[in-house]
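J.: Let the sequences and hints guide you as you build the complete structure.
One letter stands for each residue in the lines below.
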Amino acid sequence: MFGEYSIGDLGAIFAMQGFAGLILFSVYVLMALGLAIIFGQMGVINMAHGEFMILGAYVTWLTSSYFQTHLPSLFSGYFFVAMILAFIASGALGMLVEWALIRHLYKRPLDTLLATWGLSLILQQTYRSVFGAREVGVELPQWMMGSQQITDSIEVPINGIFVMCLTLLITMAVAYIMYKSRWGRQVRAVVQNRVMAGAVGINTERVDCYTFGLGCGIAGIAGSAFTMIGSTSPTSGQLYIVDTFLVVVFGGAASLVGTIASAFTISQAQSTMEFFMSGSMAKVLTLLAIVGILMLRPQGLFALKVRK
Amino acid sequence: MSDEKKPGLHSPLRRKLLMGMAALPALTMLPRSSFAQAPATSAINTTGLAVTDTEVTVGILHSATGTMAISETGSIQAEKLAIEQINAMGGVLGRKIKVIQEDGASDWPTFAEKAKKLLVNDKVAAIMGCWTSASRKAVLPVMEQYNGMLYYPTFYEGLEQSKNVIYTGQEATQQILAGIDWITKEKGAKSFYFIGSDYIWPRTSNKIARKHIENMLKLKVVGEEYFPLGHTQFNSVINKLKLTKPDVIFTDVVGGSNVAFYKQLKAAGIDLSKQTLLTISVTEDEIDGIGGENIAGAYACMKYFQSLKNENNAKFVADFQKMWGARTVIGDVSQAAYLGPWLWKATVEKAGSFDIDKVAAASPGIEFKGAPEGYVRIHENHHLWSKTRVGKARLDGQFDVVYETADLVQPDPFPKGYQ
Chain Z
1 MFGEYSIGDL
11 GAIFAMQGFA
21 GLILFSVYVL
31 MALGLAIIFG
41 QMGVINMAHG
51 EFMILGAYVT
61 WLTSSYFQTH
71 LPSLFSGYFF
81 VAMILAFIAS
91 GALGMLVEWA
101 LIRHLYKRPL
111 DTLLATWGLS
121 LILQQTYRSV
131 FGAREVGVEL
141 PQWMMGSQQI
151 TDSIEVPING
161 IFVMCLTLLI
171 TMAVAYIMYK
181 SRWGRQVRAV
191 VQNRVMAGAV
201 GINTERVDCY
211 TFGLGCGIAG
221 IAGSAFTMIG
231 STSPTSGQLY
241 IVDTFLVVVF
251 GGAASLVGTI
261 ASAFTISQAQ
271 STMEFFMSGS
281 MAKVLTLLAI
291 VGILMLRPQG
301 LFALKVRK
Chain C
1 MSDEKKPGLH
11 SPLRRKLLMG
21 MAALPALTML
31 PRSSFAQAPA
41 TSAINTTGLA
51 VTDTEVTVGI
61 LHSATGTMAI
71 SETGSIQAEK
81 LAIEQINAMG
91 GVLGRKIKVI
101 QEDGASDWPT
111 FAEKAKKLLV
121 NDKVAAIMGC
131 WTSASRKAVL
141 PVMEQYNGML
151 YYPTFYEGLE
161 QSKNVIYTGQ
171 EATQQILAGI
181 DWITKEKGAK
191 SFYFIGSDYI
201 WPRTSNKIAR
211 KHIENMLKLK
221 VVGEEYFPLG
231 HTQFNSVINK
241 LKLTKPDVIF
251 TDVVGGSNVA
261 FYKQLKAAGI
271 DLSKQTLLTI
281 SVTEDEIDGI
291 GGENIAGAYA
301 CMKYFQSLKN
311 ENNAKFVADF
321 QKMWGARTVI
331 GDVSQAAYLG
341 PWLWKATVEK
351 AGSFDIDKVA
361 AASPGIEFKG
371 APEGYVRIHE
381 NHHLWSKTRV
391 GKARLDGQFD
401 VVYETADLVQ
411 PDPFPKGYQ
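Residue numbers (the numbering used here), protein chains in the order written: chain Z, 1 to 308; chain C, 1 to 419.
One thing to keep in mind: the hints can contain errors.
A short list of chain C residues far from chain Z (calculated; beta carbon distances all over 10 Å) [unchecked claim]:
hint, residue
1, GLN101
2, GLU225
3, PRO228
4, LYS240
5, LYS242
6, ASN258
7, LYS309
8, THR405
Capping the alpha-carbon separation at 20 Å, the derived lysine to any residue pairs in SDA-like fashion look like this [to be verified]:
hint, chain 1, residue 1, chain 2, residue 2
9, C, LYS350, C, GLY90
10, C, LYS207, Z, SER280
11, C, LYS245, Z, SER73
12, C, LYS242, Z, MET273
13, C, LYS274, Z, SER153
14, C, LYS392, C, GLU380
15, C, LYS242, Z, GLY11
16, C, LYS190, C, LYS123
17, C, LYS187, C, SER273
18, C, LYS242, Z, PHE275
19, C, LYS242, Z, ALA15
20, C, LYS274, Z, GLN148
21, C, LYS369, C, GLU349
22, C, LYS242, Z, LEU85
Everything labelled a hint here was simulated from the structure, so no lab data went into it. Note that beta-carbon positions come from the ideal geometry of N, C-alpha and C, so glycine has one too.
T.: Right, here's the structure in full:
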């Protein structure tokens, strides 16, 4: 396969291919972080995760339209504003949903699956009625498009670098919140023993509400970032939901490290195999490998050891 | 006594009255039918379709909800526009078209069920509808069993022909071959790389394209890749493109993947003004989501572009945007959907009947001179003769038409040597 190419060419391709894998890794982590919090920490199977992401994407689109017409001079920086707004919008919607729907279902985890699936259908149709069935195009500021020339033959896409930095930042923030802050300790306490946590004075209902809101808000940021690389339409969320669950389940539900490790494994496998064979085939093999590993380790790659 | 006399007195009067009443329907019929010049319903509708003296019912069957709503919305809009225009002109055989719209909801069994409902319960005279091949395949047996008439707007892979379907879009050879010939000559292309979504239409289209490139043009296909529907990460295949450096990238990626593909291509620094890319799946509709700046410079192979310059199209675009908003764009399939009601009207008028069998038999040879794409005619095989055009995408999301075939291209749904 490589006989006809020079060493320099091959080197460049492998470098870019490695980078492609890293971008995919960042995308997976960003997709899965919100769900890792909701599913991992709270045990809620949130099928509407993709729709929370798309809300972020639509907020980004609205922000970009607003900046274009009212503040064209600040257009180059609108994306940061859009991400903050996306976080607030998705987070607020998440807290509302938690209050209205999810909190009544904590004792019936499988019912959350159905309820959130219904919610996803409702949200999709709402987007369709409000924004129209057609895709919307989010315009990016000039500096975020194109690629960075590193050597003559190695180029990396700027939006890829952007997603990587964003993912790093958000992962660190989440890790800090969950493992270092007082509030994170409360969350983990509630996860481990709800009754006891309540008994020592933690307001478990408020913790649940904020946790769900945080997870949804991060989904909103992810959706906002993905306007750079994907489509924004009422049903776009469906494109991400399967991969997202795959990453979280494969990593071991309650573990942040597990999510990251599993995103890394899946993305590298996927991107390497895609290079050597057709995209469909690569997906099939990736899924087969995951099924195989989950049969041997049903709890996922990293699981918390809990005394039963 | 007086009781006995009364009937005697009244009976001649009653007889006259009865005679007058019997003549009444005939009296009301006469001036009306001579005014509208419409033939009697009993003569033009012998099979019990929903045709009255003033109305004929037609079904529209598309996905207004679900994934496919993105694409099918334009078709619904075009069909409604055509029907409104036909009604403003006095309808079909003096009957106004009444529309029953059903939602296929992007779900193929639902399409079949709704088609059956339209044919069996509503007794519609024709259905404008379906979009994906999967939905058409689901509806086809229903159309044939209950003898309906379907006007199908999408360009598709061919390999199908039915008495009960008129295909107003292009089949694969009509769409692809002339475009590949042109790009080969224009760009001196020697090698092609195929990238498509993984389902029947891209696979069949690419098969035809490959046979044409390898057997007829004696050129090379250096890669052929398929991605699952909804795939959003194309960085690996973009690296492969950089490695193999094909003269032409030939794509038939659909749906949300389309947007991801072009955004990532642009981000990876592949400049479409230098790298030739020919697509058969991107119309003005898709560019709305992709963004003009991400795809400017790419070539698309279609039969219609919104920017086409002729009188019919100028009027069509103006009417369409008046009805659906000034920013609405019109893609190839929307135009093909617009043809459906017009072709049906012309066929019914030629047949002098709404009966399905007569309409099906009268279809070959039907012309429509007012088509936005220019003159079209129905072939014996129920597909349309139409031109193939190549457009070059502009920054504003429209295309510059850079090539069109001199003559209409014959539809060939079962191409010899390409299977």
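J.: All hints are to be evaluated individually against the structure, with a verdict given for each.
T.: Hint check:
1. No Cβ of chain Z approaches the Cβ of C:GLN101 within 10 Å, the least distance being about 14 Å, so the stated non-interface status holds.
2. The claim that C:GLU225 is not at the interface with chain Z is violated, since a C-beta of that chain comes within 10 Å of its own (minimum 5 Å).
3. For C:PRO228, the shortest C-beta to C-beta distance to chain Z comes to about 6 Å, within the 10 Å cut-off, and the non-interface label is violated.
4. Not every C-beta of chain Z lies more than 10 Å from that of C:LYS240, the closest at about 6 Å, which undercuts listing it as non-interface.
5. Its beta-carbon lying about 7 Å from the closest one in chain Z, C:LYS242 breaks the requirement of being farther than 10 Å from that chain.
6. At the 10 Å boundary, the C-beta of C:ASN258 falls inside the reach of chain Z, the nearest C-beta of that chain being 7 Å off.
7. Under the 10 Å C-beta cut-off, the non-interface status given to C:LYS309 relative to chain Z holds; the minimum distance is some 25 Å.
8. For C:THR405, the non-interface assignment is confirmed: its Cβ lies about 30 Å from the closest Cβ of chain Z, beyond the 10 Å cut-off.
9. Distance restraint check for C:LYS350 and C:GLY90: the Cα-Cα separation of roughly 16 Å lies within the 20 Å cut-off, and the hinted pair is therefore satisfied.
10. Distance check on the hinted pair: C:LYS207 and Z:SER280 sit about 17 Å apart at the alpha-carbon level, within 20 Å; holds.
11. Restraint check for C:LYS245 and Z:SER73: the C-alpha separation of about 39 Å exceeds 20 Å, so the hint is violated.
12. Between C:LYS242 and Z:MET273 the alpha-carbon distance is near 17 Å, which keeps this suggested pair within the 20 Å criterion.
13. For the proposed pair C:LYS274 and Z:SER153, the alpha carbon gap of about 16 Å is at most 20 Å, so the pair holds.
14. In summary, the hint linking C:LYS392 to C:GLU380 is not supported, as the alpha carbons are separated by about 33 Å, beyond the 20 Å threshold.
15. With a C-alpha separation of about 13 Å, the suggested pairing of C:LYS242 with Z:GLY11 holds against the 20 Å cut-off.
16. With a CA separation close to 54 Å, the supplied pair C:LYS190 and C:LYS123 exceeds the 20 Å bound.
17. Among the hinted pairs, C:LYS187 with C:SER273 is consistent with the structure: their alpha-carbon atoms are about 12 Å apart, no more than 20 Å.
18. With a CA separation close to 12 Å, the supplied pair C:LYS242 and Z:PHE275 stays within the 20 Å bound.
19. A hinted pair counts as satisfied when its Cα atoms are at most 20 Å apart, and C:LYS242 with Z:ALA15 qualifies at roughly 13 Å.
20. For the suggested pair C:LYS274 and Z:GLN148, the alpha carbons sit about 18 Å apart, so the restraint of at most 20 Å is met.
21. With a CA separation close to 15 Å, the supplied pair C:LYS369 and C:GLU349 stays within the 20 Å bound.
22. Proposed proximity of C:LYS242 and Z:LEU85 is contradicted: the alpha carbons are some 37 Å apart, above 20 Å.
The structure shown violates the earlier hints numbered 2, 3, 4, 5, 6, 11, 14, 16 and 22.
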